[in-house]
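Enquirer: Here the protein sequences come in this chain order: F and Z.
The numbering of the first sequence is my numbering, which starts it at 276 and goes up by one.
The numbering of the second sequence is my numbering, which starts it at 1182 and goes up by one.
Hint data in this document are derived by calculation from the structure and do not stem from the laboratory.
There could be a bad hint or two in this list.
To be verified - Ranges between beta-carbon positions, derived for each pair:
| # | chain 1 | residue 1 | chain 2 | residue 2 | range |
| --- | --- | --- | --- | --- | --- |
| 1 | Z | Asn-1188 | F | Val-343 | 30 to 40 Å |
| 2 | F | Ala-396 | Z | Asn-1188 | 30 to 40 Å |
| 3 | F | Lys-341 | Z | Arg-1218 | 14 to 24 Å |
| 4 | Z | Asp-1228 | F | Val-343 | 27 to 37 Å |
| 5 | Z | Asp-1228 | F | Ala-396 | 37 to 47 Å |
Just so it is clear, CB atoms sit at the ideal spot from N, CA and C, and this is done for glycine as well.
Residues per chain, in single letters:
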Amino acid sequence: MTGILTVLAALFLAASQWFIWAYAPVEETMGLVQKIFYLHLPLAWWSFMSFLMVFVASIMVLATGKTVWDRLARAAAELGVLFSGLVLVTGSLWGKPIWNVWWTWDPRLTTTLVMWFVYAAYLLIGQAGIGGGRAFAVRAALGILAFLDVPLVFYSARKWRSIHPTVFGSQGGGLDPDMWVAVLFSLVAVGFLWVVLLRIRFGQMNTNERLRRLFMKMTDQG
Amino acid sequence: MIMGKENYLLAANVAVWLGVCGYLLFLAGRQKRLERRLRQLETLRED
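Generate the whole structure from the sequences, applying the supplied hints.
Expert: Next comes the structure, spelled out in structure tokens:
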């Protein structure tokens, strides 16, 4: 299954490059640099999806006590931190030529940075072994609490005065229909990549746990 | 240093693909570690 998804991800990513560079028109005001948007938005959306998965899996950890949900949450958090980190980097590289600043304490940017730090802390708790044998429960509690920031990121540009544009607004973000095609294709392509990476990492974490149990069983017998 | 707008676009693309490739390298490293542990386990079983 992962093999098929990997092929699909590669095909969609290749096709999305054609849509970005050859199909979508060049934006009149910003010029070529606006094409950063076709990476920036899908990465943001799939980082939200990662954090939603962390939230749901964390609830399942506390509800069932099964650590498999903790492993799923950690795999999703890794991808969320990677993707939202790339959102911050691409946003900064887009902001400099358009806003003339690398960074500004705008509500959307600030809440995104806070979100990145919170989920990076979530991953560090896993590394540091805080909570001992109940570390998974500590992580689950943080995984649930951390999600409070995600709707704030999403609605920050709508509810507060922000220089960050809203794409999914009532006027469709002012995008040309051809640009929408490129955006949607890019969303699907990054989505396939996200699923592939998540499956691989989750699989690795499960294998690691099985090996750890086997190792303990064998050393106990020996 | 003043960069042309196109250079920012190039830098953003490089950053994204470096990030994705970096994560793939991290996954490859973890896979190697798993294989090493599996070999250890096999050795332990043989002993």
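Enquirer: With reference to the structure, classify each hint as holding or not holding.
Expert: Cross-check of the supplied hints:
1. For the pair Z:Asn-1188 and F:Val-343, the beta carbons lie near 46 Å from each other, so the given range of 30 to 40 Å is not met.
2. A beta carbon spacing of about 34 Å between F:Ala-396 and Z:Asn-1188 agrees with the range 30 to 40 Å that was offered as a hint.
3. Evaluation of the 14 to 24 Å hint for F:Lys-341 and Z:Arg-1218 yields a pass: the beta carbon distance comes to about 23 Å.
4. For the pair Z:Asp-1228 and F:Val-343, the beta carbons lie near 31 Å from each other, so the given range of 27 to 37 Å is met.
5. Taken as a hint, the range 37 to 47 Å holds for the pair Z:Asp-1228 and F:Ala-396, whose Cβ atoms sit roughly 42 Å apart.
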